[in-house]
Amino acid sequence: MSVVAGGHAEDPQVLVVGDGVPRVLVRAAGARPVAVRGEGWAEGSTAPEVGMLGAVDPAAEVAFETLRTPIPAGVVGIAIANDSQSSLRIFYALRMLRMRGELTVPVHLVDAPTTDAPATRAFVRTQYEALWRFVRGAMGEVSGGAQAALGDSEASEALVRAASEEALLGAALDELRARRTAAGPVVRGSDALDAYRAAATLEPRQAITDITGAVAMDHPPTRRIFVTGSDHPDGDAYRVLESSGAVVVGEDHRTGDGGWLGGDDAVDPRDPLASLVAEHLERTPAAPTATIAERASETMRRVRAAGADGVIALIRRHDEAPLWDLVDQRRLLEAAGIPFAVRADLTAETWRDAALSALHELTREDRA
Amino acid sequence: MSVPGERLVSAARATAFQKQWFAETMEHVRASGDPFALLNADAPHEVLRAFGVPYVVNQWWASVIAAKRRGPDALAALRAAGLPDDSRQYDAMALGAQDLPAEGAPWGGLPEPTFAISERGGDVSHKIFELWGRRPTTESFLLSRTAADPVPDAWWELVPHEWEAAFGTARLDLLQAEIETLISWLEERLGRPLDRELLAESMRLGNEQAEWNRRTRDLIAAARPLPVAVTDSIPAVMVPQWHRGSRWAVDAARGLYEEIAERVDAGAAIYPGERRRLMWIGRGVWSDLDLYRAFEEEFGAVFVWSMYLAIAADGYPRYGSDPVRALAARFVGFTDQLYVPPWSAQWYVKEALAHGIDGVVHLVADDTPGSVFISESLEAAGVPVLEIHANNADARSTAAARVPERIADFLRQRVAESS
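Residue numbers (the working numbering), protein chains in the order written: chain A, 30 to 397; chain B, 8 to 426.
Isolated chain B (complex conformation) (with noise of 0.2 Å):
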């Protein structure tokens, strides 16, 4: 069975409910005047869910807004402002877009945010959330963002249920108390206390979605040929992530999951001709989706993996009774997980052994620490790697990055076919 040009259901899904719910929301708040939050990617999401506060995630907007061709008009309202253009990108393309005119917007643009929320990460973040907390209606709030120290091995077999020890208390104890100033700060503004029932079951339905999309990673891991294109995996795992902690989440990660499934029961193949598996590490480039389907015709090259899959399924559960703890377990680390040497390093080996990959394209962005050790500690399990370095949201960046030609040099010079 071959599916080249068939979208996936769950991607398609997912897509929909995403632009329904964004208008639909984004209505009501301009309508009602109702609280609205723009959130950090790692910022502590489910208390919002919990408190009933909607919310829209930076990175996801930012991915929106790249993806509709907007983003060097978002980042040119920036340097207008005095502020720089060419510092996190990725981060700061949100608040750019916000002075842009309404007219041509992305999905009708964002309303104004009545709270800002963001962790402390790298020597930026927080002055862009600062920033945020200027416009007329928008109060930002900052938590801190301590370092990964200690780093024991395999921390994605220790953080589900073992996390005092994958992350170290101290750490812990600080975030789990900002997290309550946090929710003071909210419950003072909205007039209302925090259910916590709500924000336990919020945890519990997190932790069930990692399950589905855990089932899912094992099966494309497992799987040959590649029944799914990452174009369509990502929008599928990703919006639900954004909806994490809600039933119709974990409902469309097990739809995913159960799509996928009858897929390779099926021996479907996104291309029949597959010689060679990539892994795509870094973030998407949101503006050249088309950017990995690209070699396959000419190289037998399907990109098999990209981390939102991956670290939807090892990075997100947390179990334990106190939810504001686990909470706390679930964001103390979670850049970590997917940056710091060597927790990075041994993750990216573990994912590219289980799937099989033939070569990895590695997109190294300027904040991100400790890109060569991922690159040699998975040259030295026998995987080439392909160290590209541009901003994913910049198209500039990427265009000057030559990336498609660059790509195909490597999987001449260097991806042998499957064996």
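If we strip away everything but chain A, and leave its shape as in the complex, we get (with noise of 0.2 Å):
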């Protein structure tokens, strides 16, 4: 087999920005799905104010910077997500970068509207549908080898694969958010976000491990807090909420429980991607495609399925979406009686704090 950019064609990895690539359809064309999400960005970025995105959050803006530097060996491909703008911005920037003879590696946008009608199906297909010749495209560079082609029983039956494979990822996740809500002793959330960071990175069957292995407290939380607002690539944020003793019990934005990952296995082997369509339409709203009331309904449903006693929005700079759905969550939630905190502007200076002033702030509700 032949080599892209020193990288081994054994494993190769199409990185992935957005939670709306269908990760079977990906592992089915032959490679590894591997999410950049702007890990790290807490620890503050590089990047300038107002870069090549305009205003985007401190998240994307690492995301970014991580898919400009040199490219690691074995990566064959960019597929990014229109599910937010920061993620169409970073497609947009690339595709000029990739143009000017500056990324190495092609880009993709996979643009996946999530209004439940006919057409949009049909649009959603034929985004499917380029998003298989992409990557088979790709890794048509790495082996030179013939591409199937979407409706060959070769590529049906890797379809009904990978889709199986990723049953038993999501049923490994299904096994930790129960581990995370049970009464008593729990997994910490920090813990759990970092076995989804191994589900969205990882071959399933390594993931599967890391999210089994997750251990539970020796006690029981002092406190169980459900997190809002933005998105968390990584478990930094937990990490501060549960240094007192809180357990962070769920969350609603995609980088944790909301994300997409596992799946149905019950995909049609007579039409895959007909299933692969109806399971992304039937996905957790998010902040930037939801309405503010399916937001609030699901923070709502999902704040008492993980049975928490205090909710905490943390919401980044320019993140804005989630700006909007507070005016309902504060109502739901009031109406609950859940105490709920919202710390907004964040920035990799003013985020630790913030978290920290947020929990105080639910104490002392408790206290009122």
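Think of the hints as simulated: they come from the structure by calculation, not from any bench. Some hints here could point you the wrong way.
To be clear about the criterion: a stretch of chain B counts as covered by chain A if any three or more of its residues have a C-beta under 8 Å from a C-beta of chain A, and this derived list gives those stretches [claimed, not checked]:
(1) 128 to 138
(2) 287 to 299
(3) 346 to 353
Part of the chain A face toward chain B, derived, beta carbon under 8 Å [unchecked claim]:
(4) G80
(5) M81
(6) Y121
(7) M128
(8) G130
(9) L132
(10) P135
(11) A151
(12) F152
(13) T155
(14) I321
(15) A350
(16) I367
Built from N, CA and C at the ideal position, the CB exists for glycine as well.
Mind assembling these two chains? They're in different frames, but the hints should get you there.
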């Protein structure tokens, strides 16, 4: 087998931005999807305040900088979901860099609207077909081999197999969720986010080992927190919240419980794409695409399911969508008597103190 | 011939028409309870025109609120309602203004719309229009906004006829289907079918209007000295734009062309000492329109170009036998033309070179991607650029950005006199 950029074709990878790139499709096409979410943003970005992306949140800046740096060996392409403005801006900027010859791998957009209608389904289907061609094309650059076409029995079998493996991953994540929300000792939220991270980057079998290996605390948490607002690319924020005995038992964002990981193993072998499209349209409403009512309703549903006794919204600077959801979230949580602390406009410099002060605010409300 | 203080008749007429139209229409709406719509700028207005439902454009109304210095109050109303006052101010300002006391409201205020229609642009537009839909007598309708992919070169040459190649068939199929759904949704609520002949006529008139705007744009690009101020060309173009698809709008666009042609023939100059020709990229600063004339005396600098006439020339024409398909082609990538690289960068460079631009002031808003690529392309073409990051509708933001001072520094330091 030939090699691209010094990488090994045995483990070709597609770097993925956003939550709307169907992992099953990438894996069936022969590559490993590896999520790039802006991990480490909280440690401070070297990116300028307003760079090629314009005004986007710091995690998106870090994700973009990660993708601009020399691409690691084995990476054959970058697939980006149009599921938020920041992801879309990353695509537009990377496409320009690719046009200029400043990006060594091809970049591809997966544009999947969320309104459930026949025309949307047809459009998303064309997007998934294009993603398949993109990954197969990128793989072809590696192997020089023939490309399987969607609809071939070989491709259908690969899709069914990938869906089955993804379903095993989903089952492991379901079990983890149950261990997070159990009465008594629970798995920490920061450990859960690490497990989600593993699920979004590793081969399913390897990720399942990490997920099942998450260990519960040896005592019940002092407080059960639910986190909303921006997503959290890594466990740093949760570790701060959990440093005093509280545990994050759930969240509604896409790098946690709300992400598209796992999935349905009931893929129709005659039309696997239709199954994936249906799965996409049934996904958890996320802040950038959901209505205010949908997001707040989802928050409440998950808060109750997790048995949380307090909710914290941590919202990064320039992450606008969660700001608009607060009005309904606050109303519903107040009606349910669940304390709610909000910290917005967070940067790498301010998030830590903000997270701790939010936790203290909940404690003060308890005493009051 | 010098016309430094002389207002363009077309601009005065357009503004007067709009005031009268607004007063009469809103009075009728209030008295009769007939339907009336609030539309986002990139929604398919022509459908409402063909239905005979009057509409107001969200961003136009925001510009009126800002120009009447009610923007801060409108943003404060959002904050009081538990909503952010520093996110998408231009799109959200009208929503905030709706809860201000009617007394003192610009132009007597806006009645509660029957329909609020928008595309799902960005992360927030759909939430703003969801909130409009919660008002007691308003229903909202949302269309998808797909991304700019593909982006073949020179979109302005493709979009009038070859829009399938420009935007891609799949994107057009989706928006066409959604416009059909919007039509059915309106038919159900209005109790009458859409007259598709009227829609086709509206598209035809819109194209005719764009053709006049193209002639006007080309005339100004070639004219030396500049015969019209952007503060005049903006209302003279944009008021008819919001009446696009009507005979009045075509006549207004033609009148604008003829008036400017007369000025060019007479050698008219808005500033006889013109020495530097400037381009303003970005939305207008409605709360300080004097800004655009503030650099003539000291620097001989005139603002030759704003996007409003240029996009009216290049961005709207769509010729095709199926009016719904053509309408989808008009809006499926409208914003992409202005903001998504490489399309945006290619277009601004083309316009700058055609207009003999010596310097560019680039107002960059939070919601516009790719500004760096626009600025880089212009600089590479030999045109110096000043980037200012501010929100055009939020006076707090433009004040903090020190816009006039920075333009003056830019002119001193980077913009040479025209050769």
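Here is how each hint holds up against the structure:
1. 128 to 138: Result for this restraint: holds, n = 8.
2. 287 to 299: With 0 residues closer than 8 Å to chain A, the region 287 to 299 of chain B misses the three-residue bar; violated.
3. 346 to 353: Answer holds; 3 residues pass the 8 Å Cβ test.
4. G80: holds (7 Å)
5. M81: holds (5 Å)
6. Y121: holds (5 Å)
7. M128: holds (7 Å)
8. G130: Cβ of G130(A) sits 14 Å from chain B, so the hint is violated.
9. L132: violated (14 Å)
10. P135: violated (13 Å)
11. A151: Since the shortest Cβ distance to chain B is 7 Å, the answer is holds.
12. F152: At about 4 Å, which falls below the 8 Å cut-off, the nearest Cβ of chain B leaves the hint on F152(A) intact, so it holds.
13. T155: holds (4 Å)
14. I321: With Cβ-Cβ at 5 Å, under 8 Å, it holds.
15. A350: holds (4 Å)
16. I367: violated (17 Å)
Comparing the model with each numbered hint stated earlier shows that hints 2, 8, 9, 10 and 16 do not hold.
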